[in-house]
Amino acid sequence: MNGTLSLRPRGLWLTTSLELRQRVRSVRWYVALGVFTVVLFGIGLLALAPALVSSEWGAVAPVARVMFSLQMLLVLFAMLLVTPALSAGSINGDRSAGTLATLQASLLSPLEIVLGKLLAGLITGLAFLVLAMPSALPLALLGHVSVFYLVRVVLMICFLTFCVTAIGLGLSAITQRQLGSVVLAYVLVFGVTVVGPILWGVSATLLHQEREVTGYHTEYDDYSSMTGGVCVAEAEVRPVWRMDLTQPLMWPNPVVMLAETAPGQDMTASWEDMDAENSPDVLSLLKFGMRELSSSPHPSDYNSCSPGDENYPEDLGSPRSIPMWPMGVGAWGLLALGSLILAVFRLAVPIKHLGKGTRIA
Amino acid sequence: MDNYNYDNYDSPQSSSSGSGEPPMRPGADGPFPGPGPATVAAEGAHTGRPAGGPMSPHGPQNTQGVPTLHRTESSLSPTGAPGASGTQGPPGEQSPGIVCEQVSRSFGSVHAVRDLSFTAPRGAVTALVGPNGSGKSTLMLMLASLLAPQRGRVLINGVDPSQDSAAVRTTVGWMPDQFGAWDSLRVAEVLEVMGRAYFLPTDKVRARVNELLTLMDLVPLAQQPAHVLSRGQKQRLGLARALVHGPQVLILDEPASGLDPASRRRLLRVVRQVAEHGATVLVSSHILTELEEMADHVVFLDAGHVVDSSSVRELATRPRPWRIESLNATALSRALGELGVRHHGVVDPAHTTGGHAEAVVDLPDESTAAKLLRDLAAKEAAVVTFGPATGRLEAAYLASEAASREGAL
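In the order they appear, the protein sequences are chains A and B. Each residue of the first sequence is one higher than the last, beginning at 1 in my numbering. Each residue of the second sequence is one higher than the last, beginning at 1 in my numbering.
The set of hints was computed from the structure by calculation and includes no laboratory data. The reader is advised that the hints may include incorrect statements.
To be verified - What follows is a set of in silico ranges between Cβ atoms, one per label pair, in the way DEER data are often shown:
(1) 186(A) <-> 150(B): 35 to 43 Å
(2) 110(B) <-> 133(A): 52 to 60 Å
(3) 17(A) <-> 163(B): 27 to 35 Å
(4) 17(A) <-> 150(B): 32 to 40 Å
(5) 318(B) <-> 17(A): 49 to 57 Å
(6) 245(A) <-> 110(B): 47 to 55 Å
(7) 191(A) <-> 214(B): 49 to 57 Å
(8) 7(A) <-> 202(B): 16 to 24 Å
Just so we're clear, the structure is a prediction, and the values are computed from it rather than from any experiment. Cβ atoms here follow ideal geometry from the backbone N, Cα and C, with glycine treated the same way.
Model the full assembly from the supplied sequences, consistent with the hints where possible.
Put into structure tokens, the structure is as follows:
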């Protein structure tokens, strides 16, 4: 392998620190990070202010949970906004500046160069997460957010940052122009974040049909008192939605993946029955909504009877709630890993095949 | 235009066959007292590398304050980087530092390098000369282990970069033709980063950085951002960067480009010192006068292959034009006629920039030139300047087909 896969801590840290100094060593960066922190603090305080001022302490926890989930979404969006710009211009930008060949001619291995850039991108992207913590952690405490939920959210953001950075590096390695790879990276992020859900929504117009199903409804002896209900099965024609067929469009959606980290919610419970620890937040609502909308048709979908009704169909079962995050993690992970491997071998020297119009130095 | 037929030239007053090296410069001891002519002085400047041969010391007599480093401790000596053997025997006892055997490399339909073969010895400076697009930079990329040849073989100190790229990179210092600067790094930081990129011990990096900053006169700029440097300053930093790990093979692509005269002298001295410490130096430049002072050997490239190669000393035995300036056009013309020297015509002083009558003659070698000078003096041709109209490299280059090509020097 000609030293391509050598990995030494000194080499890794050198390229990481070089990349960090090169990319974020400016006042603008510190100002941007400071503004981000202040904005998150401000949003948290403004949201909690009414409850705090009116001393309605019972309302604090639900609001704090919602604000915590919103802040995590903001961190995700900030990362998605910043990371592609940094990583996707990293390799071809250095090539244009003539600094990549200098590193390639040194004893640094391609793996050290690529992983150093990856680590720098990861640190930069996660800076937003770290800076969000001073406001997010108090909100998590006030909202009784479980530690496991917090850890899952953090891990998912870390994973997505890693993947976006890795893919950006891969694009940067195979693209001649810096602008081209940055645009491609944003197209990818915009595609999975915005275009994917739009296509998924639009697919609803194509993926529904009128079909005969067995519906269950309750008939009462006395409709005025709603007593003596009997569950009656009846064949009827209803619109059947097959959003599950296009569900893969939503697998890599970063928002959906983040939402998948939220704890499961019993949405049938009344608001009064919800305690502070299982009141819904934005992420849990998204998770519930996505799983409901994208689940495959199930006989129980057409059952409007109550369990106490006579002849209640006990054998219908309930639709399986299939988690979406493994598919998302798999898709992102494979793409990220492939991108890293591609980037490493594109930086291997001596170069055997040079892309058209590519200059080494 | 007449041509000087040197084969028939024979001095009426001397039967000398041109053996030996008679004084070339009319001076106090010569037949033509008076101020030393510029052209002769320029030729004398060539001997700024003393006549002891290509390996002779060049730098100890430091007249411009350029630091001269000791062999054992110098950053110029091939040492430091891990994996470097650091052993240097007398040149000639080891294999050449650089060997290219029928190397070819194409980019699409463009054949940048074709069946190129040459060797560059250790302890000497080898110049690559050729017009734009002749394959110099491509060749250097292959030698720096950045680009693989499609055919043929490259050996750096006996190691093929395609087989063991890391070992080759340990021993090679490469200076590209354009300095790539990290925007956020200061000058000293650039060198520190490069020292670390060669995994030099941390405690040695700073010492080496300071040494190189001093050597390349970059101390006042040490804390300046590298990207704001002028082109010449960047070239100096680029050379320092290439030297940071004490390479055994130094590859310099257009190092003199953008340098002011003082910096060029410094570059010359540094490059000579590196070679004297046993390293193999390969340098390309379009500034042939500088190369002539710097190099021991020259390889002429054209259209991707070697069209000629020679030692710089051997070039002295090749024909080249010589310029003769005289205070008297008639006397010069008469003397040349009497000596049977064919020339390109005697230009009247009114039409020359120097205010002297000028004639250009083609002579086969320097000994013939010495004989002609002596004969002209005897003929009282009032010669005030006698010297090569071009440098050795330039004459050799101009004699090649490459010189007539578009993009030639």
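Hint check results:
Remark: the range hint 35 to 43 Å for residue 186(A) to residue 150(B) is upheld by a beta-carbon distance near 37 Å. Between residue 110(B) and residue 133(A), the C-beta spacing of about 55 Å keeps the proposed range 52 to 60 Å intact. Separation of residue 17(A) from residue 163(B) is about 32 Å and conforms to the stated range, judged on CB atoms against 27 to 35 Å. For the pair residue 17(A) and residue 150(B), the beta carbons lie near 37 Å from each other, so the given range of 32 to 40 Å is met.
Between residue 318(B) and residue 17(A) the C-beta distance comes to about 54 Å, which sits within the given range of 49 to 57 Å. Between residue 245(A) and residue 110(B) the CB atoms are about 51 Å apart, so this pair conforms to the stated range of 47 to 55 Å. A C-beta distance of roughly 55 Å is found between residue 191(A) and residue 214(B), which places it inside the suggested range of 49 to 57 Å. A C-beta distance of roughly 19 Å is found between residue 7(A) and residue 202(B), which places it inside the suggested range of 16 to 24 Å.
Of the hints listed earlier, there is not a single one the structure fails to meet.
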